[in-house]
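Undergrad: Each chain is listed here by its residues.
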Amino acid sequence: MAVDAATSRPPATELLGARRAGEATLSRVAKSLFFGAALFYLCVPMVAVLIYSFSTRWTANVLPDGYTLEWWQQTLSNPRIQSAFSTSVMLATLTAIIDIAVVVPAAYWSRVRNPHIRPVVELAAAIPFALPYIVIAFGLMQFSGIAAPQYQGTFALLVAGHAAIAFPFVYWAVDGAMAAAGIERLSETAEACGASPFQIVRRIVIPNISPGLVTGGLLSFAASFGEFAMAQIIGRSLDTVPLWSAEMIRSYSDTAGSYNRLAVVTLLTFLLLFALSAVVVYWNRGQTVRLLPGAGAARTGDGR
Amino acid sequence: MATLSRPIVKLGLESEGGSASPTPIARMRGWLAAWLPAIPLLLLVATCLIAPVVVLVVQSFTSMGESGLTLDLWTRVLGQRVNQDAIETSLILAAGCATITLAIGGPLAWLISRMLQGRRAFWLGLLNVAANFGGIGLAFAYMATIGSVGMLTLVIQGLGIPFDAPRQGSMFALVVAYEYANIPLFVLLTIPAMAILRDDWWEAAQTSAATRWIFWRRIGAPILAPFLLAGWLLIFTWTLGVYGIAYGLAGQSGATAVHLITLQIGTALQSDVLLGPGRAAILAMVLLLFAATSLLLYRTMLRRALRWL
Numbered sequence: 000m001a002v003d004a005a006t007s008r009p010p011a012t013e014l015l016g017a018r019r020a021g022e023a024t025l026s027r028v029a030k031s032l033f034f035g036a037a038l039f040y041l042c043v044p045m046v047a048v049l050i051y052s053f054s055t056r057w058t059a060n061v062l063p064d065g066y067t068l069e070w071w072q073q074t075l076s077n078p079r080i081q082s083a084f085s086t087s088v089m090l091a092t093l094t095a096i097i098d099i100a101v102v103v104p105a106a107y108w109s110r111v112r113n114p115h116i117r118p119v120v121e122l123a124a125a126i127p128f129a130l131p132y133i134v135i136a137f138g139l140m141q142f143s144g145i146a147a148p149q150y151q152g153t154f155a156l157l158v159a160g161h162a163a164i165a166f167p168f169v170y171w172a173v174d175g176a177m178a179a180a181g182i183e184r185l186s187e188t189a190e191a192c193g194a195s196p197f198q199i200v201r202r203i204v205i206p207n208i209s210p211g212l213v214t215g216g217l218l219s220f221a222a223s224f225g226e227f228a229m230a231q232i233i234g235r236s237l238d239t240v241p242l243w244s245a246e247m248i249r250s251y252s253d254t255a256g257s258y259n260r261l262a263v264v265t266l267l268t269f270l271l272l273f274a275l276s277a278v279v280v281y282w283n284r285g286q287t288v289r290l291l292p293g294a295g296a297a298r299t300g301d302g303r
Numbered sequence: 000m001a002t003l004s005r006p007i008v009k010l011g012l013e014s015e016g017g018s019a020s021p022t023p024i025a026r027m028r029g030w031l032a033a034w035l036p037a038i039p040l041l042l043l044v045a046t047c048l049i050a051p052v053v054v055l056v057v058q059s060f061t062s063m064g065e066s067g068l069t070l071d072l073w074t075r076v077l078g079q080r081v082n083q084d085a086i087e088t089s090l091i092l093a094a095g096c097a098t099i100t101l102a103i104g105g106p107l108a109w110l111i112s113r114m115l116q117g118r119r120a121f122w123l124g125l126l127n128v129a130a131n132f133g134g135i136g137l138a139f140a141y142m143a144t145i146g147s148v149g150m151l152t153l154v155i156q157g158l159g160i161p162f163d164a165p166r167q168g169s170m171f172a173l174v175v176a177y178e179y180a181n182i183p184l185f186v187l188l189t190i191p192a193m194a195i196l197r198d199d200w201w202e203a204a205q206t207s208a209a210t211r212w213i214f215w216r217r218i219g220a221p222i223l224a225p226f227l228l229a230g231w232l233l234i235f236t237w238t239l240g241v242y243g244i245a246y247g248l249a250g251q252s253g254a255t256a257v258h259l260i261t262l263q264i265g266t267a268l269q270s271d272v273l274l275g276p277g278r279a280a281i282l283a284m285v286l287l288l289f290a291a292t293s294l295l296l297y298r299t300m301l302r303r304a305l306r307w308l
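Chains as they are written, first to last, in numbering that gives the first Met the number 0: chain F, 0 to 303; chain V, 0 to 308.
Just chain F, same shape as in the assembly (with noise of 0.2 Å):
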């Protein structure tokens, strides 16, 4: 088809082809200096944070003006670190089994026998994908006020506010993972054979929607742990990670070497989160992307 373009016309081809081997090296080092923007841009903060950790003091010179264990050391042995790390991991940890507990049941029933229950837990997924989690902490936390106020502060109270906002990245995992095992056709041919709804989740569902659980789970953990404003707002008594880091980064002081420290657990908090998205991928077969969230919702809603 290009042929036939050139062979009638050959004068202009000639004229276009010359432009557009200007334009080709134009846009080849157009689009190399924006991936290499992008790059810098990407890495730069990554970078800075890991040498801050390692150096002894750094104000004036381009690099440190040495290099130190120390905070390391001294980060990984402070007992006020140490608990604020084990209550995020066992906060993040419990959001993750609620999550999982009660979106299971869930998801598999509005599957299989009752399909209202899809357009209720559609709603209610909406509401920690748009609404700021400061709201609805604000919220939880004048609603605690008045229904238990014997839970105001409390470690329980923040654990069911983390489920509530981390349920939709279970619910959209797992419904996903029952949508592709095709979920109903085994729970019926398991039912024809007489196993009983019991053995049906344990023998059928549960293994066959692994993967979306180990994504739902890791997925809610990891916004649970580094989740700052319903912290801060519920658990103002309780010791974080985010918590922690937020009461260093303001109380800036050069020589006590606290930003040493924070650099060291913001390196940690990162590299935890990135080891379990990581997971997340090997689990998923490499499939890092996916549709817009909501998108197959609305696809569904549409077919319906």
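To be clear, the hints were calculated from the coordinates, so they are not data collected in a lab. Take these hints with a grain of salt, some might be off.
Claimed, not checked - Distance ranges between label pairs, derived from CB positions: (1) F:His-115 <-> V:Thr-206: 46 to 52 Å; (2) F:Val-46 <-> V:Arg-166: 20 to 26 Å; (3) F:Asn-77 <-> V:Val-56: 42 to 48 Å; (4) V:Thr-299 <-> F:Ala-274: 35 to 41 Å.
Stated by the list, open to error - Heads up, incomplete: computed chain F residues facing chain V, CB under 7 Å, no partners named: (5) Gln-72; (6) Leu-122; (7) Ala-125; (8) Ile-126; (9) Phe-137; (10) Leu-139; (11) Gly-225; (12) Leu-267; (13) Thr-268; (14) Phe-273.
As the list claims (entries may be wrong) - Covered stretches of chain F, going by a simulated chain V footprint (3 or more residues, C-beta under 8 Å): (15) 31 to 43; (16) 162 to 168.
In this text, a Cβ means the ideal position worked out from N, Cα and C, and glycines have one as well.
Dock chain V against chain F, hints included.
TA: Chain V in isolation, oriented as in the chain F frame:
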């Protein structure tokens, strides 16, 4: 699925018909069978998401010392200069951030989607890594990079160029830090949409003597626009609600820092005892209104976008 869901449908018909209606207990049992497994989730949602929002709505229409519903709190809070300022700045910041994200993230997503396997995997990996930086950690990374003694600041000064690091609470600082989280997110979310634009279409357009510009104007842009605009709306909404990064960056400089809705909610709760909760409630309502509006627009946009799937 169809056979399994039949009992529910029958139940609904019977209760409507009423003639051979089952006893209340049987109906209750049928309802329970239909909803029981979802009840824990619905309880969690009702107590931790819906009830809090309802409480905020009610509180925003009540006032201390007065009974009944009133707009008093709304007019008082929205009349304050600080709050008007915060709403205006938040909107400008969110719209600006979303537009920058679209302008950089859009082309980036397109180019990455057209890369060969290996290079594409590298960029997706890098964006995934960067997307894990957030909140206070990101605020600190900003400071360690172009804060007053940040790495980049020291490098530029080391080259002999007079350079003052931008103030931490400034718009510039917020935009640079926010974009670090926004751009990777935007690219990761919109890359799948880029596959919709098929390479054959570009070839077909070329055989019809279309230039690259015409192709993009007539085919590429109309098809991708709903996806990109949906992404813009998401970034706009999420930027409006960012708290951690702003707290880490702007919180420190206290009174001189930019006024943002989320930061004002935080300070209202911490310092302002008298009007604090009321002020926070109104500002939370403002965020709620923006979130609801953009969610509706997002849904519409996505429905249009998905025609092409």
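Undergrad: Now tell me if each hint is right for this structure.
TA: Okay, the hints, checked on the actual structure:
1. Between His-115 (chain F) and Thr-206 (chain V), the C-beta spacing of about 51 Å keeps the proposed range 46 to 52 Å intact.
2. For the pair Val-46 (chain F) and Arg-166 (chain V), the supplied restraint of 20 to 26 Å holds, since their beta-carbon distance comes to about 23 Å.
3. A hinted range of 42 to 48 Å holds for the C-beta pair Asn-77 (chain F) and Val-56 (chain V), which are about 43 Å apart.
4. For the pair Thr-299 (chain V) and Ala-274 (chain F), the beta carbons lie near 38 Å from each other, so the given range of 35 to 41 Å is met.
5. Violation of the interface hint for Gln-72 (chain F) is found here, the shortest Cβ-Cβ separation to chain V being roughly 20 Å, above the 7 Å cut-off.
6. Of the supplied interface hints, the one on Leu-122 (chain F) is violated, with its beta-carbon coming no nearer than about 9 Å to a beta-carbon of chain V, more than 7 Å.
7. Because the beta carbon of Ala-125 (chain F) sits about 6 Å from the nearest beta carbon in chain V, less than 7 Å, this interface hint is met.
8. At its closest, the beta carbon of Ile-126 (chain F) sits 5 Å from a beta carbon of chain V; the interface hint therefore holds under the 7 Å criterion.
9. With 7 Å as the threshold, the beta carbon of Phe-137 (chain F) comes within range of chain V, its nearest partner Cβ sitting at about 5 Å, so the hint holds.
10. With a least beta-carbon distance of about 4 Å to chain V, the hint placing Leu-139 (chain F) at the interface is held under the 7 Å criterion.
11. For Gly-225 (chain F), the interface hint holds, since its Cβ comes within 7 Å of a Cβ in chain V; the closest pair sits about 6 Å apart.
12. The beta carbon of Leu-267 (chain F) comes no nearer than 10 Å to any beta carbon in chain V, farther than 7 Å, and the hint placing it at the interface is violated.
13. Hint status for Thr-268 (chain F) relative to chain V: holds, with the closest Cβ pair at about 6 Å, below 7 Å.
14. Interface hint status for Phe-273 (chain F): upheld, as the beta-carbon distance to the closest one in chain V is roughly 5 Å, under 7 Å.
15. Here's how the stretch 31 to 43 of chain F fares: 8 of its residues keep a CB closer than 8 Å to some CB of chain V, so the rule of at least three is met and the hint holds.
16. Interface restraint, the stretch 162 to 168 of chain F with chain V: holds (4 residues with C-beta to C-beta distance below 8 Å; minimum three).
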